[in-house]
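Engineer: Required output: the full structure, derived from the provided sequences and hints.
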Amino acid sequence: EELLLWFHRQWTTLRLQEWHTCDWGYELELCTAFLKADCRNFHCWNYRRHVTEQARTSAKDEFAFTTKKILELFSNYSAWHQRSALLPQTCTSEEELAKALQREIDFVKNAFYTDAVDQSPWLYYRWLLSQLKDDVDMKQELATCEELLSEDMELTPFESKWPTLTEVSIRKRLGETSHESELLRASLTRLAEVDPDRKNYYEYLMGK
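Count along the sequence shown starting at 1, add 1297, and that's the number in the numbering used here.
Misleading hints may appear alongside valid ones.
With a straight-line cut-off of 30 Å between C-alpha atoms, the simulated DSS-like cross-links for lysine-lysine are [as the list claims (entries may be wrong)]:
#1 K1406 x K1436
#2 K1396 x K1458
#3 K1357 x K1406
#4 K1469 x K1458
#5 K1357 x K1396
#6 K1406 x K1365
#7 K1458 x K1430
#8 K1366 x K1458
#9 K1430 x K1396
#10 K1365 x K1396
#11 K1430 x K1406
#12 K1430 x K1469
#13 K1430 x K1357
#14 K1469 x K1496
#15 K1436 x K1505
#16 K1458 x K1505
#17 K1430 x K1365
#18 K1406 x K1366
#19 K1396 x K1436
#20 K1458 x K1365
#21 K1406 x K1496
#22 K1396 x K1469
Just so you know, the hints here were simulated from the structure itself, not pulled from any lab data.
Structural biologist: Okay, structure coming up:
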């Protein structure tokens, strides 16, 4: 995981490419092998992006690779990040992208319904939400958070942090303010209790 070694290898492959002697297929296989040993090695993921760009690997093929790594382990920040970069490249129209976003929302829900504490799928989910343009879709995702926070799900206070934080984000996106929304104030109060290290931030949001 030494950063300088990865940058040196990247520099070396580019020099080899100038002489048309770099085997990008081999480099891609090497990345795959390293990520099999440590699927969350972000240095390797970064180098893999360099390799796939040079090898002109299709976005759909690389997207499929991220699916494979995520299904092996949901808690993979780098794979989710790679997925966010690739998703727009796999679509050829706004309509296709809108459908892909909905599929991704359904996909990522499998992760946080399995483990509500793991923040990596929540970060990807929040990126997906930032791409939605219709308030109707946002309200549907608000209902998802409310379902997770219902008594039926029996989440502990610690497990409730990310669904509550996402609920707050959606309510803000829909135009709710702490001055007008009792539900928003209650969520921020709960966040200050379960995440005291960021209490001042939640109190700041309370004033918005």
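Engineer: Decide if the proposed pair is consistent with the structure: K1357 and K1406, CA atoms, cutoff 30 Å inclusive.
Structural biologist: With Cα atoms ~21 Å apart, K1357 and K1406 stay inside 30 Å; holds.
Engineer: Hint check: K1406 vs K1365, CA-CA at most 30 Å. Holds or violated?
Structural biologist: holds, 16 Å
Engineer: Mind checking the alpha carbons of K1430 and K1357 for me, to see if they're no more than 30 Å apart?
Structural biologist: holds, 24 Å
Engineer: Assess, step by step, whether the Cα of K1365 is no farther than 30 Å from the Cα of K1396, and give holds or violated.
Structural biologist: Between K1365 and K1396 the Cα gap is close to 21 Å, so the pair holds against 30 Å.
Engineer: Given the proposed pairing of K1430 with K1469, does the C-alpha separation stay at or below 30 Å?
Structural biologist: Within the cut-off at roughly 14 Å; holds.
Engineer: Below or equal to 30 Å on CA atoms is what counts here, so check K1430 against K1396.
Structural biologist: holds, 13 Å
Engineer: Can the restraint linking K1436 and K1505 be considered satisfied, given a maximum Cα separation of 30 Å?
Structural biologist: Given that 30 Å is the threshold and the Cα spacing comes to 21 Å, the pair holds.
Engineer: For a C-alpha distance cap of 30 Å, please report whether K1430 and K1406 respect it.
Structural biologist: Holds, at roughly 19 Å.
Engineer: Between the alpha carbons of K1469 and K1496, is the straight-line distance 30 Å or under?
Structural biologist: holds, 18 Å
Engineer: Under the criterion that the straight-line Cα-Cα distance not exceed 30 Å, is the pair K1458, K1365 satisfied?
Structural biologist: holds, 28 Å
Engineer: Taking only the CA atoms, is the gap from K1430 to K1365 under or equal to 30 Å?
Structural biologist: holds, 29 Å
Engineer: Is the Cα-Cα distance between K1406 and K1436 30 Å or less?
Structural biologist: This hinted pair holds, its Cα atoms lying about 16 Å apart.
The structure shown violates none of the earlier numbered hints.
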